[in-house]
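For chain E, the structure is supplied; the task is to place chain D on it using the hints.
Quick note, the sequences are listed as chains E and D, same order.
When the first sequence is numbered by this note's numbering, its final residue is 429 and no position is left out of the sequence of numbers.
When the second sequence is numbered by this note's numbering, its final residue is 316 and no position is left out of the sequence of numbers.
Think of the hints as simulated: they come from the structure by calculation, not from any bench.
There's no promise every hint is true.
[Stated by the list, open to error] Selected chain D positions facing chain E (in silico; Cβ < 7 Å):
#1 9
#2 12
#3 13
#4 84
#5 108
#6 111
#7 130
#8 131
#9 174
#10 205
#11 208
[Stated by the list, open to error] According to the in silico footprint, chain E covers these stretches of chain D (three or more CB under 8 Å from chain E):
#12 85 to 95
#13 192 to 200
[Unchecked claim] A few chain E residues that face chain D, going by a derived Cβ cut-off under 10 Å, partial list only:
#14 205
#15 315
#16 317
We put the beta carbon where it would ideally sit given N, CA and C, even for glycine.
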Amino acid sequence: MSRLLITGASIEGGAAADVLVVDGAIAEVGHDLDRSGAEVVDADGLVALPGLVDLHTHLREPGREDAETILTGSQAAAVGGYTAVLAMANTNPVTDTAEAAERVHALGQAAGVVDVHPVGSVTKGLAGEELSEIGLMARSKARVRVFSDDGRCVGNARVMRRALEYVKAFGGVISQHSQDTDLAGSASCCHEGELSGRLGLPGWPGVAEDVIVARDVMLARHTGSRVHVAHVSTAGSVEVLRWAKSQGIDVTAEVTPHHLLLTTDLLAGYDPTFKVNPPLRPAEDVEALRAALADGTIDAVATDHAPHARHDKEHAFVDAAFGMLGLETAVQVVAQVMVESGRMTWADLARVMSTTPARIAGLEGQGQGLVVGAPANLTLVDPSADVTVDRADSVSLSRNNPYHGRSFGASVRATFLRGRATVLDGTLV
Amino acid sequence: MKKHLLSVHDLSMDDVETLFATAAEMHDVQHRQVKKLPALRGRTVINLFFEDSTRTRSSFEIAGKWLSADTINITGKGSSASKGESLRDTVLTICAMGVDALVMRHSASGAALQVSQWVDAAVINAGDGTHEHPSQALLDAYTLQRYFEAKNLGPLEGKHVAIVGDLTHSRVFRSNVGLLTKLGARVTVVAPPTLMPSGVGPWSQDAGYATSYDLDEVLPTADAVMMLRVQKERMSGGFFPTGREYTVGYGLTRQRLSLLRQDVPILHPGPMNRGLEIAADAADAASSVVLDQVSAGVAVRMSILYHLLAGEGNEK
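Same shape as in the complex, but just chain E (with noise of 0.2 Å):
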């Protein structure tokens, strides 16, 4: 029988508490429980939080392990107080087939960092044409429950009308990139805006998001289905999501760390390491999701984590990839901006990356709370840091780092996987 005693620690930035862990699972809280044969970490000052669960990772495997590989991806997530990630399926090649998100579920399981389930494709090789293997997925080993064609858009409305008719045989969710093609050119590689003009950049509008998550509400509440938006931009699509909610449509929304810190001046300086899609907005669009996540109008913070290896973001600003690093950060980046403006509380931040991410994707085992019973996937983060980010210190093997340099006041201290320790002391078990 292993114990595990976490002392002291806030519980979700309430009152403290001890949390005693017994073979993997959360056997009591409350104060001053039994010391004894227990390993014991001093929690005091910090503030404990159910295991992360992420909904939008890229970790590169199979295709680009010299940009992230399932294990490093895994590593990150956990220095980042994650206990669960969906792994997209823009890999190579693509996650369309059960035997594709076996590997992938299998390599993560072997890794054993965190838990790693992939999201399958919508349609093949995401082409947008045929939807993939998607049932076959779904009873397959890795349960896939999550699918996306993220990076692209399922453009079609007839095929995303199918998926999503598809997919309630079997409580899945389509999760969209909402980005309508013919308005954003394939040059395109911001926010089309007045920098944009300025720069001479190519750029795609707001409204080339906000068309696409109007059009698929209006599928969702014609399928009866579920639809999920992935990394939420614009006030508009805010706007649409907040009328769908109001309407009773199954639809729900998740918006990047990035996207609720970093504004589209960064571009200012053509620095790809600020060339993601969707592209970073203007303040206006910025405050518009900070809103939306507190009022609820915006249901999960998913980080995009968006490895690349160093050579492809050395490339003209309009010629490098998109994407940034995320896994790492995005406690430190949603503290700030929602919980130390006093926005959120930590029990918010518990609900919005852990507790309702977990929900959308159907995890068990993720996401219950600092409860008795749930497994004991748990994070301690240290809400009076005063940290600065280098993008060296990463254990990604990518360096996009768009926070390089940029100070926080949270950082994560431990996490814990049913159990067992995979940060100790800000690092790596």
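Just chain D now, with coordinates in the frame of chain E:
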């Protein structure tokens, strides 16, 4: 003067005056039988052109040669990304040969700025995508100044300059609007709404220039007219329906010439689409300064090379 010339916004008023004063001296050299000056003897200038160019590349090449620099052209089509090499590797490889200045043309906006952060050589932006073309703006302003001087029309400051055409895709517009407003000219840019750059409303307010969809309304008060090249492939992008319709709305046609005072100079950065954005009557009018622009281009580029490579007090 800064080490690199990436944008007209890198230049102070003093810098521009210095560049123009030297350009005027260089301009005189052009008319000598022996045109070579020893100023940059032993220096190496690479014209690194990732995008097709005839006039800008040869203008920089002549400018370098007349200053006795070793001037070498390297041209390559397409982005380095398509060849599997990063842009950084491409330019570091070239600069490792020992280069004093890189004159760079690239189809991507911002490429010259990025390269300037990677190499030791002075980088001269000879056109980056749809962003800037600072030497073009300098030669345009220089041409205008000389024209107004020669005709006793007073200084460029306070003059009303109309810039007409495909603003969205024009680096010439972006550099010109920056430099001309810096020099105190009043600028109005004219284009159909689909060819106005995104965010032009707040940008024009902030930068102090005017916008119009109506060329006929702007021309009567113009002191100079700059016509921009309109690429025919923009039609397929849906920016305007036909060339004929574009010409009727925004071309400098024979009829529109009557809206201009006779001494109003007509500029075009070339290559001209005669019959589309500019009629032959306008291109060949007595007030057309299109060829003066080309001639001034060499002098201005000699001045740029001279000040970035031989000038004193460079911020290295």
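* Asked: Against the structure shown, which of the earlier numbered hints fail to hold, in ascending order?
  -> 1, 2, 3, 4, 10, 11
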